[in-house]
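Protein chains: 2
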Amino acid sequence: MKDVQFINNFINNFEVFLFNCDGVIWNGNTAIHKASEVINFLKSIKKQLYFITNDCSKSRFAFINKFKEFGININESEIICSSFLAAIYLKQKKFNKTAYIIGEKGLLEEFDKMNIKYIYIETDNNNEMNKKDILNIHNNIGAVVVGFDRNISYNKIEYARIALENPQCMLIVTNRDAKTYLTESQYLAGTGSMIGAVEGCTNRTATLVGKPSNFLLNLININPEKCLIVGDKLDIDILFANTNNIPSCLVLSGATILNDLELFPREKLPTFFARSIADFIHNIQK
Amino acid sequence: MKDVQFINNFINNFEVFLFNCDGVIWNGNTAIHKASEVINFLKSIKKQLYFITNDCSKSRFAFINKFKEFGININESEIICSSFLAAIYLKQKKFNKTAYIIGEKGLLEEFDKMNIKYIYIETDNNNEMNKKDILNIHNNIGAVVVGFDRNISYNKIEYARIALENPQCMLIVTNRDAKTYLTESQYLAGTGSMIGAVEGCTNRTATLVGKPSNFLLNLININPEKCLIVGDKLDIDILFANTNNIPSCLVLSGATILNDLELFPREKLPTFFARSIADFIHNIQK
Numbered sequence: 000m001k002d003v004q005f006i007n008n009f010i011n012n013f014e015v016f017l018f019n020c021d022g023v024i025w026n027g028n029t030a031i032h033k034a035s036e037v038i039n040f041l042k043s044i045k046k047q048l049y050f051i052t053n054d055c056s057k058s059r060f061a062f063i064n065k066f067k068e069f070g071i072n073i074n075e076s077e078i079i080c081s082s083f084l085a086a087i088y089l090k091q092k093k094f095n096k097t098a099y100i101i102g103e104k105g106l107l108e109e110f111d112k113m114n115i116k117y118i119y120i121e122t123d124n125n126n127e128m129n130k131k132d133i134l135n136i137h138n139n140i141g142a143v144v145v146g147f148d149r150n151i152s153y154n155k156i157e158y159a160r161i162a163l164e165n166p167q168c169m170l171i172v173t174n175r176d177a178k179t180y181l182t183e184s185q186y187l188a189g190t191g192s193m194i195g196a197v198e199g200c201t202n203r204t205a206t207l208v209g210k211p212s213n214f215l216l217n218l219i220n221i222n223p224e225k226c227l228i229v230g231d232k233l234d235i236d237i238l239f240a241n242t243n244n245i246p247s248c249l250v251l252s253g254a255t256i257l258n259d260l261e262l263f264p265r266e267k268l269p270t271f272f273a274r275s276i277a278d279f280i281h282n283i284q285k
Numbered sequence: 000m001k002d003v004q005f006i007n008n009f010i011n012n013f014e015v016f017l018f019n020c021d022g023v024i025w026n027g028n029t030a031i032h033k034a035s036e037v038i039n040f041l042k043s044i045k046k047q048l049y050f051i052t053n054d055c056s057k058s059r060f061a062f063i064n065k066f067k068e069f070g071i072n073i074n075e076s077e078i079i080c081s082s083f084l085a086a087i088y089l090k091q092k093k094f095n096k097t098a099y100i101i102g103e104k105g106l107l108e109e110f111d112k113m114n115i116k117y118i119y120i121e122t123d124n125n126n127e128m129n130k131k132d133i134l135n136i137h138n139n140i141g142a143v144v145v146g147f148d149r150n151i152s153y154n155k156i157e158y159a160r161i162a163l164e165n166p167q168c169m170l171i172v173t174n175r176d177a178k179t180y181l182t183e184s185q186y187l188a189g190t191g192s193m194i195g196a197v198e199g200c201t202n203r204t205a206t207l208v209g210k211p212s213n214f215l216l217n218l219i220n221i222n223p224e225k226c227l228i229v230g231d232k233l234d235i236d237i238l239f240a241n242t243n244n245i246p247s248c249l250v251l252s253g254a255t256i257l258n259d260l261e262l263f264p265r266e267k268l269p270t271f272f273a274r275s276i277a278d279f280i281h282n283i284q285k
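As they're listed, the protein sequences go chains Y and B. Okay, so the first sequence: first residue is 0 according to numbering that gives the first Met the number 0, each after it adds one. Okay, so the second sequence: first residue is 0 according to numbering that gives the first Met the number 0, each after it adds one.
No lab work stands behind these hints: they were computed from the structure. Yeah, the Cβ is synthetic: ideal placement off N, Cα and C, and Gly gets one too. It is possible that some hints are incorrect.
In silico DSS-like cross-links for lysine-lysine, where the CA-CA straight-line distance does not exceed 30 angstroms [to be verified]:
hint	chain 1	residue 1	chain 2	residue 2
1	B	K65	Y	K178
2	B	K178	Y	K96
3	Y	K116	B	K178
Just the calculated beta-carbon pair ranges, DEER-fashion [claimed, not checked]:
hint	chain 1	residue 1	chain 2	residue 2	range
4	Y	L181	B	E121	46 to 52 angstroms
5	Y	E121	B	G27	27 to 33 angstroms
6	Y	Q167	B	K46	43 to 49 angstroms
7	Y	K92	B	I118	41 to 47 angstroms
8	B	N64	Y	K267	49 to 55 angstroms
9	B	L268	Y	L181	25 to 31 angstroms
10	B	D111	Y	E121	33 to 39 angstroms
11	Y	L48	B	N139	44 to 50 angstroms
Calculated from the model, a selection of chain B residues having no Cβ within reach of chain Y, i.e. all distances over 10 angstroms [as the list claims (entries may be wrong)]:
hint	residue
12	Q4
13	N11
14	E14
15	A30
16	I44
17	G70
18	I87
19	L107
20	R160
21	T190
22	G199
23	R265
Whole structure, please, built from the sequences with the hints as guidance.
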């Protein structure tokens, strides 16, 4: 995307930009080169922006602070993280029982904010969950909510299994990302592991609220044709775009390398490519 | 199966009996009523018996002792457990690298017995696996072997993921049982959880060596028509029998209750039913 006229037309063509965060705005704790310039430029020309992430380890509030550290000021309504999506999903279902959470801080904070009752044990190294807890789960849990959890353990999985013996108990997953980026230099096993463990002992299939499900599109009022999804993952972001008939731009600053594209069927490819979002303002004439 | 003539014909019809163990011979640490009588009777009339279990927490040697406690004397060649199957699978592939094991004692003992090198960490609570281990995994691991593991953890999963970045590295699973019976009174999350976690972060599909795969059938020389598979699980034992055109008998002394049968498609049902293997000698005339 080097041609100035092309970039101008490209940007002008869209009113709404849905950005993935990891691999697009940052890698772990390092901002992508020129990310703040691009975002601030798009804001200055009145584009509507959403930052949509499957990272459920943080709440919207925590994400605002992360953006601030990178020189980007956004407000809560511009962030759609999968921890928020899990909470709002239950709220929409008028959920009034207790949720059992396998996850991290982001889920707890969003559940607290929406006054959804939950049971959560950070680690069970010290057998913090005893028989009484198990019985409580069996009787009162209306939803098992699974997100990224570095403290996943056999007991955590087993308690989910017990709760899900009740066919009325919902099983919700924030995302199915195989990998997650905790630092710039290394990606690690993602939420795909936690939900794989729970589904593997229950023969249940979880309801997905993050990308590539379209649950979040019902929360924001957009015209798909005037919208661009910018992401770094073919199987999450670009699939999300394609299944919802939204134009997409794959950036090569994250999980996908050029070689990956060669293996991908043509109909599953993105509409546009860019090395990174820095290309969005390369030589641009305002 | 109450009719004496029917039972006589039923038993006489078969030369080889493949028994599942959990739910058929015992539940957890309690023998099924009359199990030893049935097995000893079948032995007395010169039937060939195999005890085939997806339980990989024990080696063949440990199973022999468990049978002994229940008054049943069998020898090693009559036991086919999934820990043994995993080791023999690698042996057949002339595997000469190091395996990374997620599992328990049974796998380690069978791997030791067949002189297969492996890396194994019982728990990683104390960060027993450090960066050096991770690098070792990356460079030398030729197979990730997954079985039932009560100490499953994020690090264990992550190290499997790192090893599996190498497309030449095999992924082998002993079984995919959703549930396992550790005690008579309670079943718990099974190996389906451990392999679900690894597959969920790698987008790989493991090679299954236990039931319902037919890998073990190549190890024993049987005539399928003269063979009866006796099991308690529709989705494991009976599926195993049906896909290999082997007659089957479902016993209701384990994981399956009569209600489950009503939900099952007719073509996936077993050939015979019995309340338990005690029916095999009910009023029988030798």
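So the hint says 25 to 31 angstroms: do the beta-carbon atoms of L268 of chain B and L181 of chain Y match that?
Hint violated: Cβ distance 48 angstroms, outside 25 to 31 angstroms.
So the hint says 41 to 47 angstroms: do the beta-carbon atoms of K92 of chain Y and I118 of chain B match that?
holds, 45 angstroms
Just double-check Q4 of chain B for me: nearest Cβ-Cβ distance to chain Y has to come out over 10 angstroms.
Q4 of chain B is indeed farther than 10 angstroms from all Cβ atoms of chain Y, at 40 angstroms.
Given as non-interface: L107 of chain B, which should sit over 10 angstroms from chain Y by C-beta
holds, 18 angstroms
Could you check the hint for me, namely that N64 of chain B and K267 of chain Y are 49 to 55 angstroms apart, CB to CB?
holds, 54 angstroms
Is the hinted range of 43 to 49 angstroms satisfied by the C-beta distance from Q167 of chain Y to K46 of chain B?
Since Q167 of chain Y and K46 of chain B have Cβ atoms about 46 angstroms apart, the given range 43 to 49 angstroms holds.
At the C-beta level, are D111 of chain B and E121 of chain Y separated by a distance inside 33 to 39 angstroms?
About 36 angstroms separates the Cβ atoms of D111 of chain B and E121 of chain Y, which means 33 to 39 angstroms holds.
Test the statement that I44 of chain B is away from the interface with chain Y: the closest C-beta pair must be farther apart than 10 angstroms.
Holds, since 39 angstroms exceeds 10 angstroms.
I87 of chain B clear of chain Y by more than 10 angstroms, beta carbon to beta carbon?
I87 of chain B clear of chain Y: closest Cβ-Cβ about 24 angstroms, beyond 10 angstroms.
Compute the least Cβ-Cβ separation between N11 of chain B and chain Y, then decide whether it is above 10 angstroms.
Holds, because the least Cβ-Cβ distance between N11 of chain B and chain Y comes to about 37 angstroms, which exceeds 10 angstroms.
46 to 52 angstroms was suggested as the range; check whether the CB atoms of L181 of chain Y and E121 of chain B agree with it.
violated, 25 angstroms
Closest CB of chain Y to the CB of E14 of chain B still more than 10 angstroms away
holds, 35 angstroms
The structure shown violates the earlier hints numbered 1, 4, 9, 20, 21, 22.
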